[in-house]
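Position chain B relative to chain A; hints supplied.
Just so you know, the sequences run in chain order A and B.
Letter by letter, the first sequence follows residues 113 to 484 of the numbering used here.
Letter by letter, the second sequence follows residues 196 to 392 of the numbering used here.
Treat the hints as calculated values from the structure; they're not laboratory data.
Where hints are given, some of them may not hold.
PhoX-like, lysine-lysine: derived pairs with alpha carbons at most 20 angstroms apart [claimed, not checked]:
no. : chain 1 : residue 1 : chain 2 : residue 2
1   : B       : K364      : B       : K381
2   : A       : K466      : B       : K358
3   : B       : K341      : B       : K358
4   : B       : K307      : A       : K267
5   : B       : K364      : A       : K466
Bear in mind that the values here come from a model prediction, so they are computed numbers and not experimental data.
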Amino acid sequence: MSDETKPVPAATFKVTIDNITIDVAPGTTVLNAARQIGGDVTPPAMCYYSKLQGSGGKCRTCLVEVAAGSTADPRPMPKLVASCRTTVMDGMVVKNITSDKVKDARAGVVEFLLLNHPLDCPVCDQAGECHLQDLGYNHGKEGTRYEFKRRTFEKEDIGPYIQLHMTRCILCYRCTYVADQLTNKRSHGILDRGEHAEISTYISKAIDNDFSGNMIDVCPVGALTDKTFRFKNRVWFTKPMDAHRNCETPGCCGKTTLWLRGEEVFRVTARKDEWGEVQSYDGKPGWICNTCRFDKKKTTDWIVDGLTSINRHSVISQGKYPGLVMPKETITEVMGGRAPRLLMNIHDESEVNKPNVHLSELNGPADSTVFD
Amino acid sequence: MHNFKPWAAIEITSMQSLTNRAKAVDRRPMSLLERAYLPAIFKGMAITFGHMFKKRPTINYPEVTRPFSPVFRGLHVLNRDEEGRENCTACGLCAVACPAEAITMEAAERQKGEEHLYREEKYAAKYEINMLRCIFCGLCEEACPKDAIYLSETFAPANFQRKGFIYGKDDLLIPHPINEKEAYDKARGGRVTIKQA
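So here's chain A without its partners, still in its complex pose (with noise of 0.2 angstroms):
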């Protein structure tokens, strides 16, 4: 008689990242599992896209230290893992932001990623909204030690509805994959090696497929924007509300987000989750083409379900105040019916945000004409 059973897989392992134990199923990777747990201990991630197959392993942000392989064999691993890439064991004890080695190896990543970054985040129309400024500002370090000339490249034209700024891109390969997975036939990918890699179409082919416009969502920078809202205003300064609509596209969600200036759709896009990620709907992820994203610019093309929930850290949540309760006006009611005499009309004199100017109805960006 022998007491050697074969030991019977784990149905779930138990794995513990910065102090917090939770069970996952296997083949979770350990970015997954800490985002099950959520909050601080869940490492940043630039290039790993839950929706993207094969996405992740390009930017290392997501760098973790184990400090315990498993229960079997219990040895730390003897370099820092990209998180995104490695699955979990059984037993595995993992540290994150209570490991200095991960916080010094990730301000160097956030260092990485920044050299050839121009920085240009007051043009740049993803400042606000953007998972590298995030990262900068979280993890990053305050000067640069470069001293070289940027990496910069030829402007290049690529459709009508998306602006590609060479320069900003972090080469994290998640619009490929966008292009890959969403649409049935890739018409951009990436050019050269290295240093000199770069976004591009093949003999600069216009993107007309119906879902290219989901690579903007995707983009974690301001490489990939929508050109409709190229410059139209700030990210903060808009009125973000969740809007949906009944679309014929095959494989759009129509659930979007709007973006407001007043009555005016200035840009829409993809409903998030609080990963930045798009949102999914009964574990599909809420892809929307291309018609509701830059066609739609009319609030009279949408049914509006209310304000998007913005994390109170963001800057987009300035201004933005949800279940405020304006006290009544009693002026007219007091001055018998009245209306009172105003001083002055603000928008009278005002040059900014005139009636007669549609920004909305703009296929692109404001020019010295418009608002003379």
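Okay, now just chain B, sitting in the frame of chain A:
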């Protein structure tokens, strides 16, 4: 001499005083010198005429002005670079920093042929500060990443109408440093020459 102070007129002897400044009212009858009236008058006049020979604390504004403090925060100017191109890129950081929500703007894209006017590909086509709202706190200046807005050494001048306080780009932009050199230097003010050690 009677030392009458209205705030000390209450009888405070029975009470514990809160400060040591309270004085009891002197109710003794006036002395001969006090009743003579004129000595007190002359004493007061001596003080009054004495001021004529002292240094005057006032100045004849506007012929004479006082120097501004180096940290004075006055009317805003929108800056240009040394080639005369506008620095502002309409990034909106001044507007988001403004506690009074006085700043608004409209951005536009620089076209071909406008490179000598605007420094970057995006610029503020309209830029407006509502001086009725502005509290001259200088946070816009702090927030600006492009060296584009400064608070100068001038006051916002008075106006008869409210609409005169909506300052647009024509009011705010600093004169061109090459074409209007004199006006530019004047607008830069004196304190920019202060060299830091």
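Do the hints match the structure? See the list:
A distance of roughly 18 angstroms separates the Cα atoms of B:K364 and B:K381; the hinted pair therefore holds under the 20 angstroms criterion. With a C-alpha separation of about 16 angstroms, the suggested pairing of A:K466 with B:K358 holds against the 20 angstroms cut-off. Of the pairs offered as hints, the one joining B:K341 and B:K358 is violated, with about 29 angstroms between alpha carbons and a cut-off of 20 angstroms exceeded. Restraint check for B:K307 and A:K267: satisfied, since their Cα atoms lie roughly 14 angstroms apart, inside the 20 angstroms limit.
Between B:K364 and A:K466 the CA atoms are separated by roughly 16 angstroms; this keeps the pair inside 20 angstroms, and the hint holds.
In summary, the one numbered hint that this structure violates is 3.
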